[in-house]
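Trainee: My request is simple: use the sequences and hints to build the entire structure.
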Amino acid sequence: MNLHLDLDSEVPIYQQIRDRVVEAIARGEAVEDDPLPSTRRLAADFGINFHTVTKAYDLLKHEGVIRVNRKSGAVVRRDPSSGPPEPGFVADWEERVRVLLAEAIVQGLGRDEVVHRCRTVLSGFRNEEKTKA
Numbered sequence: 001m002n003l004h005l006d007l008d009s010e011v012p013i014y015q016q017i018r019d020r021v022v023e024a025i026a027r028g029e030a031v032e033d034d035p036l037p038s039t040r041r042l043a044a045d046f047g048i049n050f051h052t053v054t055k056a057y058d059l060l061k062h063e064g065v066i067r068v069n070r071k072s073g074a075v076v077r078r079d080p081s082s083g084p085p086e087p088g089f090v091a092d093w094e095e096r097v098r099v100l101l102a103e104a105i106v107q108g109l110g111r112d113e114v115v116h117r118c119r120t121v122l123s124g125f126r127n128e129e130k131t132k133a
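For the sequence shown, position 23 (counting from the first letter as 1) is numbered 23 according to the UniProt record's numbering, and the numbering increases by one without interruption.
Everything labelled a hint here was simulated from the structure, so no lab data went into it.
All figures in this text were calculated on a predicted structure; none of them were measured in a lab.
There could be a bad hint or two in this list.
What the hints assert, rightly or not - The calculated lysine to aspartate or glutamate pairs, modelled on DMTMM-like cross-linking and capped at a C-alpha distance of 25 Å, are:
{"hint": "1", "residue 1": "61", "residue 2": "95"}
{"hint": "2", "residue 1": "55", "residue 2": "29"}
{"hint": "3", "residue 1": "61", "residue 2": "19"}
{"hint": "4", "residue 1": "61", "residue 2": "94"}
{"hint": "5", "residue 1": "55", "residue 2": "113"}
{"hint": "6", "residue 1": "55", "residue 2": "10"}
{"hint": "7", "residue 1": "61", "residue 2": "32"}
{"hint": "8", "residue 1": "71", "residue 2": "94"}
{"hint": "9", "residue 1": "55", "residue 2": "19"}
{"hint": "10", "residue 1": "55", "residue 2": "79"}
{"hint": "11", "residue 1": "55", "residue 2": "32"}
{"hint": "12", "residue 1": "71", "residue 2": "10"}
{"hint": "13", "residue 1": "61", "residue 2": "45"}
{"hint": "14", "residue 1": "61", "residue 2": "79"}
{"hint": "15", "residue 1": "55", "residue 2": "23"}
{"hint": "16", "residue 1": "71", "residue 2": "45"}
{"hint": "17", "residue 1": "55", "residue 2": "45"}
{"hint": "18", "residue 1": "71", "residue 2": "34"}
{"hint": "19", "residue 1": "55", "residue 2": "112"}
Mentor: Following this line, the structure appears as structure tokens:
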């Protein structure tokens, strides 16, 4: 898994780490039980405080994406083949999507353009429906 961060971005670094890990799992670059870099190693690689990485890993753990063990470190807990989402996920996800779609509409993107862009982004992710067929 190769993470790219923009240290000059207005998006907090911990959020960028969280987002890049989720995207990497969605693309199939990391699968269930794959280890993630240690917080200290990732922090050293980017020249950031390890507490920033810890905050990102804590968020991923809270979301059920990873699990953290003192001995084995952080490992991927869910990937596209892990089965149905955890209870409550879909409702929370729909709230976030609703806001993103509203932002696109407010900024002048039409429905067809929004759908096209969503399909384009989705095509870059691993799709279990395709792999099982």
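Trainee: Do the alpha carbons of residue 55 and residue 79 lie within 25 Å of each other, as the hint requires?
Mentor: Holds, at about 21 Å.
Trainee: Is residue 55 within 25 Å of residue 29, Cα to Cα?
Mentor: 22 Å, holds
Trainee: Tell me if the straight-line CA distance from residue 71 to residue 10 falls inside 25 Å.
Mentor: Between residue 71 and residue 10 the Cα gap is close to 34 Å, so the pair fails against 25 Å, i.e. violated.
Trainee: Would you check the hint for residue 61 and residue 19, treating anything up to 25 Å between C-alpha atoms as holding?
Mentor: Distance of about 13 Å is within 25 Å: holds.
Trainee: Holds or violated: residue 71 and residue 45, Cα atoms, limit 25 Å.
Mentor: Satisfied, since the Cα-Cα distance of roughly 21 Å is no more than 25 Å.
Trainee: Given the proposed pairing of residue 55 with residue 23, does the C-alpha separation stay at or below 25 Å?
Mentor: With a Cα-Cα distance of about 18 Å, the restraint between residue 55 and residue 23 holds, given a limit of 25 Å.
Trainee: Going straight from one Cα to the other, do residue 55 and residue 19 come out at no more than 25 Å?
Mentor: Given that 25 Å is the threshold and the Cα spacing comes to 13 Å, the pair holds.
Trainee: Quickly compare the C-alpha distance for residue 61 and residue 94 to 25 Å and report which way the hint goes.
Mentor: 20 Å, holds
Trainee: Decide if the proposed pair is consistent with the structure: residue 61 and residue 45, CA atoms, cutoff 25 Å inclusive.
Mentor: 21 Å, holds
Trainee: Just to be careful, I want the Cα atoms of residue 55 and residue 45 compared with a cutoff of 25 Å; is the pair within it?
Mentor: Cα-Cα ~16 Å, so holds.
Trainee: Hint check: residue 61 vs residue 79, CA-CA at most 25 Å. Holds or violated?
Mentor: Satisfied, since the Cα-Cα distance of roughly 13 Å is no more than 25 Å.
Trainee: Straight-line Cα separation of residue 55 and residue 32 no greater than 25 Å?
Mentor: 21 Å, holds
Violated hints, in rising order: 5, 8, 12, 19; the structure is consistent with all others.
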